[in-house]
Amino acid sequence: METVNTASKPRYAFVDLAKGICIMLVVWHHVVSTWGLETYPLKEAVSSFRMPLYFFLSGLFFKEYAGFFDFCKRKINKLLIPFAFFFVTLSCLLPFILYCFHLRANPGAAVWFSFVWKQSFPNIPIWFLLSLFWTNLMFYGLYLAAKKVVARNFPQYATVSLVVLSVVLGLIGFFLGRYNIKLPLFWASSMTAIPYFCAGHVAFRYTKILAPNRMDRWNMPFALLGFGLVVALAWNAPPDSVSYVSNRYWFPIWSVYLCGIIGTLAVLFFSKAVKKIPLVSYFGRYSIMVLVTHGWVQWGIIKILQENHVHWPRPVALAFVFVVTMLLYLGIIPLMKRFLPHVTAQKDVF
Numbered sequence: 001m002e003t004v005n006t007a008s009k010p011r012y013a014f015v016d017l018a019k020g021i022c023i024m025l026v027v028w029h030h031v032v033s034t035w036g037l038e039t040y041p042l043k044e045a046v047s048s049f050r051m052p053l054y055f056f057l058s059g060l061f062f063k064e065y066a067g068f069f070d071f072c073k074r075k076i077n078k079l080l081i082p083f084a085f086f087f088v089t090l091s092c093l094l095p096f097i098l099y100c101f102h103l104r105a106n107p108g109a110a111v112w113f114s115f116v117w118k119q120s121f122p123n124i125p126i127w128f129l130l131s132l133f134w135t136n137l138m139f140y141g142l143y144l145a146a147k148k149v150v151a152r153n154f155p156q157y158a159t160v161s162l163v164v165l166s167v168v169l170g171l172i173g174f175f176l177g178r179y180n181i182k183l184p185l186f187w188a189s190s191m192t193a194i195p196y197f198c199a200g201h202v203a204f205r206y207t208k209i210l211a212p213n214r215m216d217r218w219n220m221p222f223a224l225l226g227f228g229l230v231v232a233l234a235w236n237a238p239p240d241s242v243s244y245v246s247n248r249y250w251f252p253i254w255s256v257y258l259c260g261i262i263g264t265l266a267v268l269f270f271s272k273a274v275k276k277i278p279l280v281s282y283f284g285r286y287s288i289m290v291l292v293t294h295g296w297v298q299w300g301i302i303k304i305l306q307e308n309h310v311h312w313p314r315p316v317a318l319a320f321v322f323v324v325t326m327l328l329y330l331g332i333i334p335l336m337k338r339f340l341p342h343v344t345a346q347k348d349v350f
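In the working numbering, the protein residues as written are 1 to 350.
Don't read these hints as lab results, they were simulated from the structure.
Keep in mind that the hints are not guaranteed to be accurate.
To be verified - No farther apart than 20 Å at their CA atoms in a straight line, the calculated lysine to aspartate or glutamate pairs in the DMTMM-like style are these:
no.: 1; residue 1: K347; residue 2: D70
no.: 2; residue 1: K182; residue 2: D240
no.: 3; residue 1: K75; residue 2: E64
When you get a sec, could you build the whole thing from the sequences and use the hints?
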């Protein structure tokens, strides 16, 4: 297995590839959504595992660290600070600047608090950073409960209790969404995602998914089988059946989680078999930089096309915007690494 050793921890090349595949799927989804397409081939299948993969990976690399406060400090540096910076700059300040130049509608003063209850704002992709922050903290609480309470009296049931608690919290989050009950700060979405996070943690503890093993020769067949199952399960799904950002699900609950887990594993098995695709892996390694800015990058490209009255066939226009958006990151990522390391999870603020 190809790894890259750093001063802090090894990087797994196939994990970067998996993240690269999913961040490109995120960008593609937002390009298509910007053009007003309600559906496209395999949209529901892809939507079922696109975000669960990131929650699974976060659980896969979950560590207790020196305690809850040390854990919180690390997650504030890696998730909350990037969210806060790019919310203020790209969700609040930039829209007002564009409004002054008559390029966007007035976002209004309420945009400054839109992440609390409305949970809809310019540069919406950054919702994931806030949600993942809460998911980490929620899981840590469940982990401590299983470790401090259950493990002391029934050590053989510690992991089982952690899984059960995670599933229960996930079900609560799911049905909050099903019955259109909103919680502030994306808490409900974070709860729904807990089972994926827990699955990643369990996979780390009880499998050799990160290490070379004798089952690796089956990675590609498993990946193809997994993709096929997800497509089959989502084949007749209505448009927008799964939306983690709005915590809305029109799939049966078993389909949501089954597609999420199977699709996630399929991407990981595929990535482990292929190991590395240069550009895709590069985008995956710095996926946070793509996540927090791609909405405005693609908006700018579309704006230029509209101002120049470009009328290409829609598939051509979509492909052009997507490809140009991704290629621009060959320049954007080095700039962000150089000038914004503390707000892109490259360096800690404290």
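* State the violated hints by number, sorted upward, taking the hints as numbered earlier in the document. => none
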